[in-house]
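Chains as they are written, first to last, in the working numbering: chain A, 2 to 443; chain B, 1221 to 1653.
Do not take every clue at face value.
Not the full set, but computed from the structure, chain A residues with beta-carbon under 8 Å of chain B [unchecked claim]:
1. Ile14
2. Ala40
3. Ala56
4. Pro65
5. Leu66
6. Pro67
7. Arg87
8. Gln114
9. Thr190
Hints were generated in silico from the structure; no laboratory data involved.
Using N, Cα and C, we set each Cβ at its ideal position, and we do this for glycine too.
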Amino acid sequence: LSTWHDLVTASLIGTERTVVPPVGIPGLPPAADDPGDPAAILLDRAALLTAARRAGRRPDRAEPLPVCEPDRRPAVNPAAAGRLARLLGDQDPALLVEWLTAVVARGLRLPPQYLPALLDLARRLQPSRAALADLVAQAGGPRVQWLAALNPDWKFVAAALAGEDAWRLGGRGQRRAYLAALVASDPATAQDLVNSSWAAADPAERKMFLLVLADGLGLAAEPLLEAALDDPAEYARAWAAELLARLPGSALGQRMAERALRCVRLEHGERGARLVITPPAECDASMRRDGITPGPAAGPHPPAYPPAPPERIRLLLGVVARTPLRTWTDAFALTAAQVVASRSGEWAPVLFTGWTRAAIAQRDHDWTAALISHALAGRLPGTAAEIQALGQLARRADPVLGVPDTLPELWPDAPPVISAALGVLRFRYDMLKELSDDGHDG
Amino acid sequence: VAERWNRARVLALARDASSLRAAQLLATGRSWPLTGAADGSALWGECLGSAAAPYRTVVDLSGPAYRCSCPSRKFPCKHALALLLLWSDDAVGPDGDPPEWAATWLASRSTRASDTKDPKPPADPAAALRRARQREARVATGMTELDRWLCDQVRQGLAASQRSGYRHWDDIAARMVDAQAPGLAERLRALAAVPYSGSGWDGRLLEEYALLRLLATAGREQAALPPPLRDTVRSRVGFTVRQADVLASATPVRDHWHVLATRDLDQDRIRIRRVWLRGQHTGRPALVLSFAAVGQSLDDSLTVGTKTDADLAFYPAAVPLRALVAARHDTVPADPPPGGTIAGLLAGYAAALGQDPWLDTWPALLDATPARAPFRCLYDAAGEALPLHPGAADCWPLFALSGGHPLTVAAEWTPRGLWPLTAWDQGGMVVRL
Chain A
2 LSTWHDLVTA SLIGTERTVV PPVGIPGLPP AADDPGDPAA ILLDRAALLT
52 AARRAGRRPD RAEPLPVCEP DRRPAVNPAA AGRLARLLGD QDPALLVEWL
102 TAVVARGLRL PPQYLPALLD LARRLQPSRA ALADLVAQAG GPRVQWLAAL
152 NPDWKFVAAA LAGEDAWRLG GRGQRRAYLA ALVASDPATA QDLVNSSWAA
202 ADPAERKMFL LVLADGLGLA AEPLLEAALD DPAEYARAWA AELLARLPGS
252 ALGQRMAERA LRCVRLEHGE RGARLVITPP AECDASMRRD GITPGPAAGP
302 HPPAYPPAPP ERIRLLLGVV ARTPLRTWTD AFALTAAQVV ASRSGEWAPV
352 LFTGWTRAAI AQRDHDWTAA LISHALAGRL PGTAAEIQAL GQLARRADPV
402 LGVPDTLPEL WPDAPPVISA ALGVLRFRYD MLKELSDDGH DG
Chain B
1221 VAERWNRARV LALARDASSL RAAQLLATGR SWPLTGAADG SALWGECLGS
1271 AAAPYRTVVD LSGPAYRCSC PSRKFPCKHA LALLLLWSDD AVGPDGDPPE
1321 WAATWLASRS TRASDTKDPK PPADPAAALR RARQREARVA TGMTELDRWL
1371 CDQVRQGLAA SQRSGYRHWD DIAARMVDAQ APGLAERLRA LAAVPYSGSG
1421 WDGRLLEEYA LLRLLATAGR EQAALPPPLR DTVRSRVGFT VRQADVLASA
1471 TPVRDHWHVL ATRDLDQDRI RIRRVWLRGQ HTGRPALVLS FAAVGQSLDD
1521 SLTVGTKTDA DLAFYPAAVP LRALVAARHD TVPADPPPGG TIAGLLAGYA
1571 AALGQDPWLD TWPALLDATP ARAPFRCLYD AAGEALPLHP GAADCWPLFA
1621 LSGGHPLTVA AEWTPRGLWP LTAWDQGGMV VRL
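Working from the sequences, and respecting the hints, build out all of it.
As structure tokens, this is what we get:
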């Protein structure tokens, strides 16, 4: 008797050109010769056989997968799991990195169903965000390794190299992690390693060296960074200056403070304290060495900017942004909030932008709080530079600022940038608080 | 009084992440100078926005359904979501009578709702009868035409179908629309994709043609069929049964219905949501369908992983599967549902096919483990396996959740394989796939 396959073949050829094969179905009497339309007969037999084949379907056999190692860490609570799903939907790598860092720090386990999407995202952002891949590997634990063994696309997390192999063979993220660990355990060897690798390293790599050393060593990295201020490569000089400006107590910071106080004076007049500004006249060699670049300011200036030549405004901004923030509070005997609130007329946007950049670089919580509060309750930031700096400040601020009632109320018609900045802070506060809430399941 | 929804249930209504984020920012008393609620059945509020006048937002909790004066075309918009969030935090104004702008809309909703439940009798019974007879005649002619078309295909050979293009099926589908047989039209339109569905397409096309001829034949001879089979044939051809008639004629089945899975499909500018239920005591499967125009919100009242004590009214059919929620009594605590075996699934499907040979989507609830060889599949404790549907994406979340361990999986079983929709991990946590 014929099979389904014969019927399909006959239907492909067409009953005009072939005969309809007889079909037998177990349990049914064989079809009698039918005098009707062969096409109709073929379709009727096919219908019978379709129902019979579907109803009589036999199961297959599978080859089981290996069983994944257990992960003993407690799972994140359902609220945090829901947030992870939304973060993945938004594809916002910066927030994801922050969230995953907090998960790893608290020793929690990720909901496994989100690991594939996380792995795909980490893979897509691989070269630029090596940190994300490392975090996914850590937070995902053995389940991530199990998945990576099934999907070649995810091999990048399985290639966790240990020890010196990470330095010799690893990607930038792994090299960075290796160097950071070495800085913590054996700073002298770490410095030697950087010295011996410097000549062959590309610009991004050198930037990474400087970042890790500045982060891990603090002031102990100062001699190396000071030496890099005289490096032949411009980007190395610029980064060394940038990092020295972040180091509290650095000589560069001291030089900047002296420049800054020559430019900004506190005057007590009949209408209270105000800041009087004298922007730097020119960019001398020592300023240039400390990372302040001369030349025309980028982009047109909004009309609110003070009546001064653009390059002098830019020099002032460069100096304020690199000046240790305690310079102002010490010299004027005021709190950060009082300094920020002091009148400075048309120079206010320049000072606000400079202080905001300094607060970001120096990770200064008091100033961050003062600047955001000022933007919320005091003068509206008006210029593009101010708005951009404020947005970055809110992103980097300590999430503690998002605690309800820490910051002033938002008035209803606040410009979007302010509500967005506040929204980011509240969001990050909620996000981290949620991870620490009780109610981990499993 | 409806139970206050928790935050998670509200957040689940958001159409996308951006409206969610916007809603969370708006969900503060400062943005809402006026809010109110009516006895847990409706909410309203005025939200300060960028426009001069505040936006006016109303939520009918029974749908839920939303109305807002903002220009957003998302349903629910961020204002409606924010209002629900406030309510979930117990931060809306006191119960009371809605202001006029909210009351008008709410009243029009409740009239419409009662309209669909108690349709007025047709104005002219004689004319209605005449129209019904006309339709029967048109459908019968259409089925004859379809049968002829099907036989022509097989006479000329299906080999040409791969070169035919969509028009080939769209034309005959359009003729079935003219013949007022939308069920046949829909099946035909779906066939256009079959020649491009990979190896075995020829067999699948023959199956569909054969089942369509069977349907057309059964439709023409429906008078000779037993009533339940006749109902099945008529509904597959495209005759609809009014909800009111279902509610009036069916004996309601009361049970604790576990909401196992939902699947949303877009079809011809209409969004369809299938919700699969299973009765805890009766063991009966049920399918609740809801429809919405693209951009409108689908019925969210049945949440996957929950269990509802409810009366279901089943549409008449040889295998009664589709049902309406006739009355909801209570939400009961849900534990993971008990999964079955693959042998049990196949036996149940075979029995159902004996009643309704056109049945090609059957609910599966299995205790099973996913595997990737010899093809992606689920296997049970007896070692029996069924393939996953090739269209069901890569199913990585299912694999990630399993880690090589068994799960309870709710899926749709089709002749091409299992389409996994929901899984319960070993801790009993429900995950929509």
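The hints, checked one at a time:
1. Ile14: With a minimum Cβ separation of about 5 Å from chain B (threshold 8 Å), the hint on Ile14/A holds.
2. Ala40: Given a least distance of 4 Å, the restraint on Ala40/A holds.
3. Ala56: Hint on Ala56/A: holds, closest Cβ of chain B at ~4 Å, below 8 Å.
4. Pro65: With a closest approach of 6 Å, the Pro65/A hint holds.
5. Leu66: Interface hint status for Leu66/A: holds (5 Å vs cutoff 8 Å).
6. Pro67: Holds, about 6 Å.
7. Arg87: holds (5 Å)
8. Gln114: holds (4 Å)
9. Thr190: violated (40 Å)
Of the hints listed earlier, the one the structure fails to meet is number 9.
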